[in-house]
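Novice: Residues per chain, in single letters:
There are 2 protein chains.
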Amino acid sequence: MGTAPFPQHVIARKRDGSELERAEIEAFVAGATDGSWADYQLSALLMAVFLKGMSPRETAILTEAMMRSGTVADLSSIRAPKVDKHSTGGVGDKVSLHLAPMVAACGVVVPMISGRGLGHTGGTVDKLEAIPGFRVGLSLSEFRAQLERVGVSLISQTAEIVPADRKLYALRDVTATVESIPLICASILSKKLAEGIDALVLDVKFGSGAFMKEKARARELAVALTSVAKAMGKPTRAVMTAMDEPLGHAVGNALEVAESVECLRGSGPADLMEVTYALGEQMLVLAGTAADAAAARVQLERSISSGSALSKFRELVAAQGGDPRVADDPSLLPACPGKVPLPSPSDGWVRGVDALGVALAAQGLGAGRARAEDAIDPAVGVSGLAKVGQRVGKGEPLCFVHASDRDRLADAHAILARAIVVGPGPVSQPPRVGEIIG
Amino acid sequence: MGTAPFPQHVIARKRDGSELERAEIEAFVAGATDGSWADYQLSALLMAVFLKGMSPRETAILTEAMMRSGTVADLSSIRAPKVDKHSTGGVGDKVSLHLAPMVAACGVVVPMISGRGLGHTGGTVDKLEAIPGFRVGLSLSEFRAQLERVGVSLISQTAEIVPADRKLYALRDVTATVESIPLICASILSKKLAEGIDALVLDVKFGSGAFMKEKARARELAVALTSVAKAMGKPTRAVMTAMDEPLGHAVGNALEVAESVECLRGSGPADLMEVTYALGEQMLVLAGTAADAAAARVQLERSISSGSALSKFRELVAAQGGDPRVADDPSLLPACPGKVPLPSPSDGWVRGVDALGVALAAQGLGAGRARAEDAIDPAVGVSGLAKVGQRVGKGEPLCFVHASDRDRLADAHAILARAIVVGPGPVSQPPRVGEIIG
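In the order they appear, the protein sequences are chains S and U.
When the letters of the first sequence are read in order and numbered with our numbering, they come out as residues 1 to 438.
When the letters of the second sequence are read in order and numbered with our numbering, they come out as residues 1001 to 1438.
It cannot be assumed that every hint is accurate.
Stated by the list, open to error - Non-contacting residues of chain U with respect to chain S, defined by C-beta distances greater than 12 Å in every case (computed):
| hint | residue |
| --- | --- |
| 1 | A1004 |
| 2 | E1301 |
| 3 | R1314 |
What the hints assert, rightly or not - Listed below are the simulated EDC-like cross-link pairs for lysine to aspartate or glutamate, each with C-alpha atoms no more than 20 Å apart in a straight line:
| hint | chain 1 | residue 1 | chain 2 | residue 2 |
| --- | --- | --- | --- | --- |
| 4 | S | K234 | S | E262 |
| 5 | S | K234 | S | E214 |
| 6 | S | K52 | S | D173 |
| 7 | U | K1052 | S | E179 |
| 8 | S | K339 | S | D405 |
| 9 | U | K1339 | U | E1396 |
| 10 | S | K215 | S | E26 |
| 11 | S | K339 | S | D323 |
| 12 | U | K1052 | U | E1019 |
| 13 | U | K1234 | U | D1328 |
| 14 | S | K213 | U | E1396 |
| 15 | S | K52 | U | D1016 |
| 16 | U | K1213 | S | D405 |
| 17 | S | K52 | U | E1179 |
| 18 | S | K52 | S | D34 |
| 19 | U | K1052 | S | E435 |
| 20 | S | K339 | S | E435 |
| 21 | S | K52 | S | D74 |
No lab work stands behind these hints: they were computed from the structure.
All C-beta atoms, glycine included, are put in the ideal place defined by N, C-alpha and C.
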């Protein structure tokens, strides 16, 4: 190894649109991790990457360097195939909570490390914490031991995994360099590949409630994610899914846990199950435990009808210190004293339920964070959300608001009344699942 | 005034190519000055400006905000016109040392605040410090008092003038964001306009020894500088001058002082005097003390032939604590024990003297800095430099090297032997002064 490239030379090369060398990208990631690059140099390079892009080769090198900036979990002692799922984030997206035990019940190990909510509503880890006693902060050795015993574990980011991403993500957030496809790719994949998985399925969302609102941009991200992951030797597929209206009927942490339990009991909402099966099918196919999507679908449906997925969920909750009885009695979850309906202003059909509007209403109720340090109220949210295409009569509820006080209730009602549009004439519900990439 | 715009919103707008509002630019400059923007946010915006540019309107607002980040000298008590000259920097550029007293001898006040050398060779302030006793660090009130009394003062940047530029320049240097026309414009003009001048003449150089090597880019900078300065109400003209070979015969701090004294004595090299007169003519015309360039030229030539410019130089040197006898006896300047000629390898004509090569040789001798904290040796450098178009015989000196030790001498000789090209057949010396812009 020669001497590390100077930060300003690396920055100048990317600024001028050149493809960076491996040593330059590794110097940048090492600099972010050990502090040898100043924050102002990191952010200047982040902006240059934002505006000049990175080739697939550069993105793969960045991903690998970031992955190796911390511990890479060694799950080689587990012989079963290990597959994870990652979603780019949407409103009402509680898929991981029931999909992970469904897939584990089919014999595929699911080692899932998730983030907290960065958008308007809680993330998977926030939802799990709505279960009384549930511990998301396992160490990597506890995580591995649980995967060996139970076949599934859902934990939060640990300090050992990809420290470079914590540094870079914090900088990107305050320097307007978040929405860059190579930087998003490297951030997502470095953390997922550090889990020690064999394959990965991505849920890449588009629409008003998605991180990437435009379908074309989301597709670009899906292509980049799958090609970089493959270049790193990990079979990966991306399922494009629509996020114009929330997934399912519930938005809010405890309310979403309850809806996931309904899914495991065989009574999940159609749109939510459509996405769940599409993702689960790809997981089983990539794991090699199903020959094709149809065969995988049969296995996944059987995990529900047999009760094995619900058992696996109880086992998972108990293993992480939570109360497994929530799988049978949702009244054990945190709840507001009551819920207040939002009546439909007219007879007609639900023409649109704006996911971003619902998310803002839920955030205002306390279900999400405005800043990283904000606390979340697990009980609040929106339930019984009407779906696009649904016929409603004047005065019938379009949803129910679970609020901790009257002011927040009034604000949420006002936002939701604008977000849910009722009009004359029937409309059909658009499909959720689009193209599969990779 | 409302609340200041958030740094990340301002960064995002520039990143997306929008024209920034006055309040956004003012927030950035205030943030650089008072520390309310983090360095990583400043550098992210600098990179976005580098890559997305700034309109003339934005550049003028940035310049004004930077100028107002510190003290703006109030020279309104001085009734005579006050005009300064600024050069973008070149090799052997000692013009300020003799031009300032020439123009002052013609009745125009010259309030000149200069930087140290940022390139390979010393800046005006470094050259002045080669004069025994000369103080460049006057306070602004000493500066004003001397301008009232002597009509000319040459000092270094003070802490009170444009603190925002000190912060931003230091960041630009380590984040590869120096070569941006709007940022260069705002940096130069904010400092010059803070001097309290009525008008400004710019020497914008192009060629191998210039900051902007390409003529088209240099012209772009000249157009930007003059239009922004005019938008701020300051009559300004830019003289484009070639910097492919060094100006005059000497490069090195004391050697250049001696050459400036020769200019004041009427025996300055032709190319150096061509640039000196072109700039001086514009200064007198903008000051309103000459009707046109030809009339200004007569006044400037008379300042030399009458000895008034040399007297003004003595007065200037004495006023700032220096030994005025250097105007009559160059042996009072620091000098090396001897000088060693570089012999011509053949009979022929000098076809090229690469300014960058000469600058690197001079820097190696200790005449310039590699880092801001390096000390300069005032005695070292190159003298008697042959000029392009000059006929030379084999073994005749192409220049003399003034070195402090043998190793440095050998290195300089080797670099200079490559920089000075002798070939068969006559060539003519190209003109130094090009277009006048503004």
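Novice: Checked against the structure, which of the hints given earlier come out wrong?
Specialist: 4, 5, 10, 11, 13, 14, 16, 18, 19, 20, 21
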